Structures are given as C-alpha cells and as structure tokens.
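Asks: Use the sequences and the hints to build the structure in full.
If you read the sequences in order, they're chains D and G. All letters in the first sequence, in the order written, are residues 333 to 560 by this note's numbering. All letters in the second sequence, in the order written, are residues 3 to 357 by this note's numbering.
Hints are computed from structural coordinates only; laboratory data are not their basis. Mixed in with the good hints there might be a few duds.
Claimed, not checked - Sample of chain D residues facing chain G (criterion: CB under 10 Å; computed from the structure):
{"hint": "1", "residue": "Asp334"}
{"hint": "2", "residue": "Trp335"}
{"hint": "3", "residue": "Leu338"}
{"hint": "4", "residue": "Ala452"}
{"hint": "5", "residue": "Ala471"}
{"hint": "6", "residue": "Arg547"}
Keep in mind the model is a prediction, meaning the values are calculated, not measured. Note that beta-carbon positions come from the ideal geometry of N, C-alpha and C, so glycine has one too.
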Amino acid sequence: MDWYPLLNSLRIAAISAVAVFFLGIAAAYYIARLPRTVKGVLDVLLTLPLVLPPTVVGYLLLLVLGPRRPVGAWMLQTFGVRMTMTWWSAVFAVSVVGFPLMYRTARGAFEAFDETLAAAGRTLGLSDRYIFWRIRMPACRQGIAAGVVLSFARALGEYGATSMVAGYTPGRTATVATEVYQLWRIGSDRLALRWVLINITISAAVLMAVNLLERRTRRTAGRAPHGA
Amino acid sequence: MALEVMIRKQLGAFRLDVQFCTQDRPLALLGASGSGKSMTLKCIAGIERPDEGRIVLNGRTLFDSARHIDLPPQKRRVGYLFQQYALFPNMTAAQNILTGLHACPRGERQARLQELLRTFRLEQAAQLRPRQLSGGQQQRTALARILASEPEALLLDEPFSALDSSLRWQLELELLDMLDTFRGEVLFVSHSRDEVSRLCRSVCVLTDGRSEPVTTVPELMAAPRTLSGAQISGCKNISACTHTGGHSVFCADWGVSLACAEQARPEHRFAGVRAHAWRISALPAEGAFPCRAVRVLDNVFSAIVMLSTPAGSSGPHLLRAELPKEAWAALADAETLYLTCPPEQVLLLTGGGEP
Numbered sequence: 333m334d335w336y337p338l339l340n341s342l343r344i345a346a347i348s349a350v351a352v353f354f355l356g357i358a359a360a361y362y363i364a365r366l367p368r369t370v371k372g373v374l375d376v377l378l379t380l381p382l383v384l385p386p387t388v389v390g391y392l393l394l395l396v397l398g399p400r401r402p403v404g405a406w407m408l409q410t411f412g413v414r415m416t417m418t419w420w421s422a423v424f425a426v427s428v429v430g431f432p433l434m435y436r437t438a439r440g441a442f443e444a445f446d447e448t449l450a451a452a453g454r455t456l457g458l459s460d461r462y463i464f465w466r467i468r469m470p471a472c473r474q475g476i477a478a479g480v481v482l483s484f485a486r487a488l489g490e491y492g493a494t495s496m497v498a499g500y501t502p503g504r505t506a507t508v509a510t511e512v513y514q515l516w517r518i519g520s521d522r523l524a525l526r527w528v529l530i531n532i533t534i535s536a537a538v539l540m541a542v543n544l545l546e547r548r549t550r551r552t553a554g555r556a557p558h559g560a
Numbered sequence: 003m004a005l006e007v008m009i010r011k012q013l014g015a016f017r018l019d020v021q022f023c024t025q026d027r028p029l030a031l032l033g034a035s036g037s038g039k040s041m042t043l044k045c046i047a048g049i050e051r052p053d054e055g056r057i058v059l060n061g062r063t064l065f066d067s068a069r070h071i072d073l074p075p076q077k078r079r080v081g082y083l084f085q086q087y088a089l090f091p092n093m094t095a096a097q098n099i100l101t102g103l104h105a106c107p108r109g110e111r112q113a114r115l116q117e118l119l120r121t122f123r124l125e126q127a128a129q130l131r132p133r134q135l136s137g138g139q140q141q142r143t144a145l146a147r148i149l150a151s152e153p154e155a156l157l158l159d160e161p162f163s164a165l166d167s168s169l170r171w172q173l174e175l176e177l178l179d180m181l182d183t184f185r186g187e188v189l190f191v192s193h194s195r196d197e198v199s200r201l202c203r204s205v206c207v208l209t210d211g212r213s214e215p216v217t218t219v220p221e222l223m224a225a226p227r228t229l230s231g232a233q234i235s236g237c238k239n240i241s242a243c244t245h246t247g248g249h250s251v252f253c254a255d256w257g258v259s260l261a262c263a264e265q266a267r268p269e270h271r272f273a274g275v276r277a278h279a280w281r282i283s284a285l286p287a288e289g290a291f292p293c294r295a296v297r298v299l300d301n302v303f304s305a306i307v308m309l310s311t312p313a314g315s316s317g318p319h320l321l322r323a324e325l326p327k328e329a330w331a332a333l334a335d336a337e338t339l340y341l342t343c344p345p346e347q348v349l350l351l352t353g354g355g356e357p
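Replies: See the structure below:
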C-alpha cells in the first residue's frame, strides 16, 4: 500500500497548524482590542471560511494564486514558482479553512483571561512581551491547544478547497481526502474503505484529545484563586 | 515628597473628579463601593487613563493631559496590591516574587529573593502555586512581589476584602509593620471607617466619584464637615436642617431644635448626631424633646435603641441611640424618654443630596 497520501496529509496539516497558530493568536489578541463595530466586521470576515462551502474558498484562492492572477503571476515571474497544483499549495487551502477554528478558540481563551494579571505585570515593570508569553499564554494554554488541535483536524479532513488549489496527482499532491474520492471514482472500494478507516481513526483520536483538553481547562479554571 | 493627584474621567453616566495630595501618610481613600476608589488607583498606576488632569509623584510627572505626558505603568514605579492579589497562577510563590526582581542585577537576585521570603515568612511556601497558598500567604506573596520592584508609592486596594475575618486582624498588624518600614507614599482604599482609623493618618472621602478635602482621621471621626463625611464615618442620625439664627438649628426630619456649639450658617444644610452622643433621661429637662422607644437591639456590651421622634416633616422619624446596657436597664421601663444632645456633639454638615 502506498502511504504517500497519509504522509502528505500529515505534513500539510502540520505546517498549516503552525501557521494558523501564530495568525490565529495574533488576530485574536489584536482584534479583541478594537472598537466594537470594527471588531464585529472583522469577526464576520475571519469566521466566514468556517461556514462557506470549501469550493468557494478554493475558487477565491485561485482568484489570487492562479498563474494568471496577480499574486500567482508575480510569483511565477519573479521566482519561477507556481503557486497552484503543488503539494504545498494545499497548505493555503487548509489554512484558510482551519483558521476560524483557531481564531475563535483563542479569542474565547483570551476573553476568559483575568486582565488584572496583565495590569499587575505592567505595574511590576514587566514588558508587554513578557506578559504575553509568560503570563497570558500559559494561562490560556489549554484553550489555545484545543484551537490548534481542532484546526489541525480540520486541515486533515479538508477536501473541497484542496482539490481545487492542489488538484489530485498520485504521489505528488494526493491527500487522504482526495485519495478516497479518487479510489471510489475508479471503483477500488476495498482500498477506499481502508483509507476511510484510517481517516476515522485519526479524526477520533484528535477529537478525544480536544475533549481531554477542554476538561482540563474547566478543572484548572475552577481551582484557580482568581475567579473568571 | 508627595503624591499629588488631580484627575477627571467620564465613564458613561459616572463622573470621576478627584483631587488630593498625600501629606500625612498613609492616606486613606474612604468611600462606599462604586464611589470611584479603585478607578482612582488605576489612573494613578497607569492602568486606566484619565480624560484630563495631572498626577505627580515625588516631583516626577506621571500624567499631565495639558503637556501630553502619560507614562506607561512600567515606568511609574507605583506598586498596586489588587483586591484578589493578582498572583500569576502558573508560577510558584518564589517565581512570582522573582518577576518583581527583574530589574535587580542577576547576581543579587537570589539573595534578594531569599531575603524577601524570610521577611514575609514565605520560606515554606516558596515552591507552592498561588492556589495552594492560604489567604494570608497570598497577600504576603503579593506584597513581597510589589516591594521587590522597589516602588515609590504603594496602592492598597481593599487589601483585606478577600480574607476571612479571623485572618484580618493578624494581617492588619503585619501590614502596619510593613508600612512602617516602607519609605514611599501609601494610598489605602477602603470602605471601612474602622480599618481606616486603625491603619491611616489622613483620609480623603469619595462620594459618587467626587473627592472631599483631605483631613486627618481623628478630625473626620470627631467632627466631619460634610454630609458624606458624616455618613462614611458612621454617623447614624442625620437630618436636613435650617439654621434658626445663632447657635441653633431646626432639624426638619425630626421636628426638633438643637443647640450647637458652632455658629450655624446657611451652607450647613444637614445636622448629625452620633448614636452614642444622645443624653437620655426618664425625666423632662430643659431643651429635651420627648421620644418613645420602639425597638431595642442588644449588642455585646451596649444596647441600640430606636426612638420615635414626635413629629418630623414627614411624620414620626426613627432615631438611633447607643448606650451601655446598664444605663439602658435603668430607663427601659419609662413610657416617654427625653433626649438632649450636648451642643458640641451636634455636627453641622455641608453638602448636597439627600441624607
């Protein structure tokens, strides 16, 4: 059995999880500080990929990254790099789809954070960077970890946008999701079923991890001396 | 060396307008909850930004809206003890204190930490997390952390509100010792006149976001000048009054005229008599007015008697008197009681609003 689709899916999901981790946290942190109306608009825009059909996300991405589109053409001319139909093209697709999950869970965690801790840190002379990484992030770590795991899981299961941006080339851009579709299409049901079972196993494990994280968050929050 | 504060801030319908200068430290900010005490502290620490005004600490301008100066909290050197202490939950007591020592040279840090742990009796608790510490240990850790950062002023926001009453007394004594060794300015926020009497020398009363002139604590307790000062210092009997010329006021709520030691003036719109100031007798006397006891509550050593006055502006009014139990035992059977108040105990008060 050729394991390429699994390895490809895992590396795409892992790279996108790292990217989404930083982007989601930055967005959650800065948007929480904005005036309410701006916050509302940005919130809708950033959550939209969660509810849009993945094909719409894929279409919009091709509008930007396609070889004859502004960014895609510029990359091709300047660096000779084609932005679509490579294995890493899928990273863009799954990142956009997975981003809202990270953004929303991180924002929830930040909103539950007791701001007097940050205020105390500032009056003690601690830098904002120290307060963010050593006080705010540790206090919110379970919620943020849940966001990473969720967006990782979403990335593993992404099909629609990936198939449009990266296509399906066996041994090059195939992922578990596109592989299952392809195997079903050519009538290779037994092999398709095997991939389906692998996919279900991984996804179930991920969801169990999320549940564990959420339970721990609740427990530590209940025991902390600083009420929410 | 002083902390001068003159700030205004609008928060929805609430208007903060506070002005004071620390002369005799510790200075207490005394006021009911919601009177703007914590907001004032936050403005001084730089956590909140006043709309306009000036904050100067030991000649250093921390905030000046006219000169566009607004130092970040990190540069103000103002220590802030939060109500719930705000210890970092992911760090041990020792690590919490170390965050206050970040400006201390690396080589001296450990020695300084050990010294603070010893001073605040935290050696045993050093490796525990905040949620494993007792209330007293939490407060001591928070204080050690603040003093580690060597602030020039210390802001204490209701430091005993998070503690059981059994712990408070012990911690008050400890805090007094600590304040004796601390050389900077100290601002103590409280809604309890008793705490303020024990811990502070001077006091600034805050009512609905407005500050009153700073007075000494004995002055406020003995002879408050304003309606809110009288209320917050625990005066139980307050009536709107009109001055009837010279040394006498007519207390409209009670329907009673009282002689006062001070010359009554038109701006004295209220008169107050503390519960223990009434002289009560079973026999009529000159200047005394008759009352009927309607309710008696027993304190440990004293009796609190609710007395109905003859006829106030809106019908009979209840006065509160407090007297030793034996004294009350001798009076309890009398049908009518006669009340007087020594003229020097009648408080003449300025101020607006309703009592």
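Asks: Run every hint past the structure and note whether it holds.
Replies: Cross-check of the supplied hints:
Residue-level restraint check for Asp334 (chain D) is violated (minimum Cβ-Cβ distance to chain G is 45 Å; threshold 10 Å). Given the 10 Å rule on beta carbons, the hint for Trp335 (chain D) is violated: about 40 Å separates it from the nearest Cβ of chain G. Below 10 Å, beta-carbon pairs count as interface contacts, and Leu338 (chain D) has none with chain G, the closest being about 36 Å; its hint is therefore violated. With a cut of 10 Å, the hint placing Ala452 (chain D) at the interface with chain G holds, because the nearest CB-to-CB distance is about 4 Å.
Hint status for Ala471 (chain D) relative to chain G: holds, with the closest Cβ pair at about 6 Å, below 10 Å. About 18 Å separates the beta-carbon of Arg547 (chain D) from the nearest beta-carbon of chain G, more than 10 Å, and the hint is not met.
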